[in-house]
Amino acid sequence: ATANNNSAKNDAVTQTGAAATLRLGYFPNVTHAPAIAGLQEGIFARDLGTTKLTAQVFNAGPSAIEALNAGAIDAAYLGPNPAINAYAKSSGASLRIIAGAASGGAQLVVKPSITSAAQLKGKVLATPQLGGTQDVALRSWLAGRGLKTTPVGGGDVTINPTGNAQTLKLFQDGKLDGAWLPEPWASRLVLQAGAKVLVNEADLWHEGQFSTTVLVVNKAFLDAHPQTVEALLKGHVDSIRWLDAHQREAAAVINAGLKDAAGQPLAPDVMDRALAGLAFSPDPLAATFPELLAHGVAAGVAGPADIKGIFDLAPLNKVLKAAGQKPVPAAGLGTQ
Amino acid sequence: MTQTLTPAREPGSAPGAGERRKEGGPRDSAPAVVLENLGKRFGAGPAVLENVSATVAQGEFVALLGASGCGKSTLLNIIAGLDVPTSGALEVPSDGAAFMFQDSSLFPWLSAAGNVELALKLRGVGRAERTVRARELLELVNLGHAADKRPHELSGGMRQRVALARSLAQDRAVLLMDEPFAALDAITRELLHNELERVWRETGRTIIFVTHNVREAVRLGQRVLLLSSRPGTVVAEWDVSDEHRTNAGAAGELTAGITARLREEIRRHA
Amino acid sequence: MTQTLTPAREPGSAPGAGERRKEGGPRDSAPAVVLENLGKRFGAGPAVLENVSATVAQGEFVALLGASGCGKSTLLNIIAGLDVPTSGALEVPSDGAAFMFQDSSLFPWLSAAGNVELALKLRGVGRAERTVRARELLELVNLGHAADKRPHELSGGMRQRVALARSLAQDRAVLLMDEPFAALDAITRELLHNELERVWRETGRTIIFVTHNVREAVRLGQRVLLLSSRPGTVVAEWDVSDEHRTNAGAAGELTAGITARLREEIRRHA
Amino acid sequence: MPETPTATLPAGGSAEDLRTLEAGLDSLQSEPARRRRLDLSRILLPLAALLVLVLAWQFYVTLGLRRRDQVPGPLDVLGSLGLLWQEGTAQEAIWTSLQRGVVGFAISIAVATPIGLLLSQVRVLRRAFGPLVSGLQVLPSVAWVPAAIIWFGLSDATVYFVMFMGAIPSIINGLISGVDQIPPQYRRVGRILGASRWEMALHVVLPAALPGYVGGLKQGWAFSWRSLMAAEIIAMGGTLGFGLGSLLEQGRQLADMGVVMSAILVILFVGIAVELLVFAPVEKRLLRGRGLLAGSTR
Amino acid sequence: MPETPTATLPAGGSAEDLRTLEAGLDSLQSEPARRRRLDLSRILLPLAALLVLVLAWQFYVTLGLRRRDQVPGPLDVLGSLGLLWQEGTAQEAIWTSLQRGVVGFAISIAVATPIGLLLSQVRVLRRAFGPLVSGLQVLPSVAWVPAAIIWFGLSDATVYFVMFMGAIPSIINGLISGVDQIPPQYRRVGRILGASRWEMALHVVLPAALPGYVGGLKQGWAFSWRSLMAAEIIAMGGTLGFGLGSLLEQGRQLADMGVVMSAILVILFVGIAVELLVFAPVEKRLLRGRGLLAGSTR
Ligand SMILES: Nc1ncnc2c1ncn2[C@@H]1O[C@H](COP(=O)(O)OP(=O)(O)OP(=O)(O)O)[C@@H](O)[C@H]1O
Ligand SMILES: Nc1ncnc2c1ncn2[C@@H]1O[C@H](COP(=O)(O)OP(=O)(O)OP(=O)(O)O)[C@@H](O)[C@H]1O
Ligand SMILES: [Mg+2]
Ligand SMILES: [Mg+2]
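Going down the list, the protein sequences come from chains S, E, C, D and B.
My numbering applies: residue 91 is where the first sequence begins, and numbers increase by one.
My numbering applies: residue 4 is where the second sequence begins, and numbers increase by one.
My numbering applies: residue 4 is where the third sequence begins, and numbers increase by one.
My numbering applies: residue 15 is where the fourth sequence begins, and numbers increase by one.
My numbering applies: residue 15 is where the fifth sequence begins, and numbers increase by one.
For reference, chain S alone in the conformation it holds in the complex (with noise of 0.2 Å):
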């Protein structure tokens, strides 16, 4: 009962000042650069001032919520789907979001040889994670083209809701006839295993953008300590700037990132291809989320949800606004 006190503790020291640590969770992956790039760079630290920031790096999605829902990290790097779960399993009372991170770089990669979705029948393809980002929009997807498949892997398609790791491996071995995965999994079946492009996520939204990534807080957090996270949004606003201009260098500092966080870089081609297939920037692009769960919904992997109140982007809209930024939307579902 250490680390899960220490926002209480907060509470009783500086009601709404700002927090003595800031913790700070994410995964060693591309399209989590912010994260990266602002803790690489030093943009956090000095955009938090006096705060301390502690970064906690995780390797699935569900430590994550679970470190956050129990106050064991305050702030993290989440896809929009494990974010919209929490939020709805526990009534609002667990996160919110407060900014987008990173949009597109999702992609249906298969075999050479099957070249439209016809061919797809009987074949056996991966996901990430069942009822995730990329599971929903293959199902709506195969849907929309007449396949049928269930959640349990029955259907015209089979879907194997499996690691992205493994994946590549099936796929270099043949058990598998494609995937729809995020980066930088896409580029590495494409690169390392000869996979081919078969659909580009961003071609099936509007205006080809879609949340990959998106910011939170615990949101007792949010409500003790506005200051901070005031501050950090500034850390992460400044830091997708930073990428933006920085283009050139920034494969490097992620590369760098990477191999402290996880052990390894990636190749240098594979990082180009994801990044190239990504863009950052702070807009969650909120209206996206409605069509996203009831594409979920649709799927039969997600249940209704309430997800109004998800957003609270005013302090986000500050830092904007501060920095001569144009404000983002938060699409009726939540402050802005």
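Honestly, the hints are just simulated from the structure, not real lab data.
Just so you know, nobody snuck in bad clues.
Distance condition first, Cα-Cα at most 27 Å in a straight line; then the derived DSSO-like pairs of lysine-lysine:
#1 S:K286 - S:K213
#2 D:K298 - C:K152
#3 C:K124 - C:K152
#4 S:K238 - S:K286
#5 E:K152 - B:K298
#6 S:K201 - S:K211
From the derived model, a few chain B residues whose C-beta atoms are all more than 12 Å from chain D:
#7 Q72
#8 G78
#9 L89
#10 L92
#11 W99
#12 Q105
#13 E106
#14 W109
#15 I121
#16 A124
#17 T127
#18 E213
#19 L216
C-beta atoms are modelled at their ideal positions from N, C-alpha and C, and glycine is treated no differently.
Given chain S, put chains E, C, D and B with the ligands in place with the hints provided.
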């Protein structure tokens, strides 16, 4: 209590020579162990003991004889409180009894001395005294040289002697011994007979011991009880007088008489 | 080989009454077991056996006497091939020996009949015959009624009798028995003496048996060997003639002589 | 000083009366009757213990230290479980896992027992491979997943392989440690009875080591089951059936503590049921047959 | 028919000669000398077995059935391991995990032993909680992760908690099954010697159950170590140290088989070392002290 003692007798079995000779001595004092119509049956099997009644006075030395498998060990177990009778009642001293088991039952993880010391320790004897006392007891059974050996390094007879030393280490008023000298050679046995008798006289313990050696029973016991087989009942008892102890002829006669009675008992079942 | 047999003798120990009486009979045939200057020592401890030399003729019935802990069981173990001597040589039949251990050593997961049947099975006896034969052997030791009991449900003497039945179930030429009747009452013991003798006569087996009962040794053995203690050596041997078997007086005399010699041996170490 | 610990002397009556009374008492005390009574307490006591734990849990939840979605109460979990049951997910998961667990465990036993016997009987093999087996035992299940996927793809074979690698070393080690505790006298008797190496293993070593071996099997079952849960997380649904491990992981991924707790409860329940219905009777019978039951609390 | 299995009769010479020769033979056969020789074979044989396995592995790789990055050869893995060593990652991971493993296991023993003794001695408790303990034993480690994070956050306490929940039920069960196999006669002797309940547990039950208990501890260690690996996957770095489990998971996440195999080899090596350096000597000593070593292949 002594008055009410009427050993159950199979109808039709005539008392043999020397039977039922009553005497004075220790049996007039308060009884240490009273068995009343004890019966014992394992599970749904046949009765092993039936209507066993006997009284053992304080300080008495009683020998228990009987064919193999007649229920002697079972009876001792009941007296020691390790088993419960199926019927009947018994009175025993509340502090239980010391027991020397038929198999030596030493703890294999302790040395010979360690086994004896444990008995002393559980009795509350202090550490320093324990070591000395255990050594003395092992010397008593001629095993001073084997004090540090583990049970598996001892011969059968040596193990039995360690068990004897352990049972003597307990200071209970009643001492039960189940064939204590079975695995010993004639000479060692004789030496230990003398030692046991000395200990008995010095401490005034009540001793009930089982043996298959009729001469041993006559040599040591003040009274000899004979258990019949299937079911076990006390079918005969003999008092051993001082005359039997001093006169070899009388002892031989008694031994022969008891053996004849034992043979008769076994024949009944053959 | 019989000619070379010169039992090792402690210097200065005079042969007692009846010792070294040689006879004809089975001992003239080929030897079944030859021990030459056997020595045994456990680890770095003192010698348990030293210079043990003896020859047992085929079909001979030899009794082995000795104080408790003198090395009798160790010697039988060596003869059975369960232990290796530290020095010396021995000749035994290549098919090993049947062995009745000092503790009954029954397998607790098998019933009495199962234990006997296992011995028959490992000998290659067919299933149907096994059941019949095991039942017969148990009847022989008066345990027909306890065939289905597990060892823990048997009394000490009953377990010993099951072990006897099991050792008889083996058809080896040599039978080693370690205190086979120690836990039996006088009458059962007498019955089994007769049975054992009958089996011996009928099958012509070579039997070496250890006992602490000098009368039993004289009753059964054709020859009695006495082992000294620490270290164990054959210090004396007696031939038991037919006269000892028929004449109670002669038997008593021999028994007394052997007992006296045993006492002398033990005194030397006291 | 003398006291009367048991004073059940039947009061008066003719000898005949006495005998019938005694017979009655005896038949009451006889084995079958006692066994039935004990079995009830065997079911009721664990249930009582469970009830106490559930009450403690409810109490903890009532204290309100944690958000309800993080630490759901027993009723919430029951609701969640009911939902899973209605959907059929719970039954499917239980059935899939139980089937795999039983099949995999049976195969593990069949493979591990001869290997364990061989290692325990042949010194050189034991020395050479014993430490390796212990080493394999401490390898986490997840270590086998990459290899299993390379060899077997996403099929049930992968799941079974991961299970085997968890259970087999454990059963081997259990058997070996059971064999090590056999009194050497048993082997000596076996030799005297003329047992060949094979007969020795079959008729002496295995039965003698049986109580220890069954203890080892219990641990082996735990290893299998836990490995199975780990294997079922490799992939959920698709070509691999949906088991309890998948249910647990799905709950975690959806941040649905109700589902997580439901899965935990079901796994716990299966574990307890296997203990009560399989291992407890086997152990009891074994111990009873060897006279080891007296004084045991089993 | 008679043959001479052992014909080592010293040839001639005076009695004195003979005696010294015999003494020489004896001292050669005495315990310490033999023990030293055995210990060498205890190290060399497992190494030989390992070597054979590595050669088989190299052979499999040479066959070229699989791509090299999927099934790296021994040399590739050695290179990968060397790299990890140079970076200090390997040492850090080993040290962190070993430290946690030892501390966690020690605490597990300290907690589980009294509980196990209590359960094995008190029938009602055994009946009530025994099945529950068996149930807990089959719960996969991952089931405890959410609860651990809720209670302890991302601290070492979480890792230890997950370990305890893996190791403690296993040790309890091992002890109970050891106690169950105690010959009842020992308890009877204890009673006769006047042992109180506590003395009985300490002086009779525990030492009598020791060989079975140590076997249980070995399984308990495997459970601890595997649970530790599972716990180390929760999160890497930050407030939680970087252990072998993290290394393994990192390799898996990157699909880098070199790192995965390195981690597996290191875990295997630690497991074998613990077996050889800790459990084997303890077991051997125990068995020797009770005369159970004769005929055993240990
Ligand atoms: N646990 C048990 N279950 C069933 N029967 C038993 C049990 N213990 C003993 N018996 C039976 O009780 C009878 C008496 O056994 P007990 O050990 O008392 O005999 P004993 O007189 O001591 O014989 P011995 O002189 O051979 O030691 C035997 O027939 C035996 O089979
Ligand atoms: N494994 C062993 N390790 C050390 N010493 C042993 C071992 N086995 C036996 N001894 C010693 O060898 C000696 C002889 O033992 P053995 O069992 O042969 O005696 P025995 O003549 O059969 O005695 P008993 O008549 O009491 O059975 C004893 O002093 C014993 O302590
Ligand atoms: Mg008895
Ligand atoms: Mg002996």
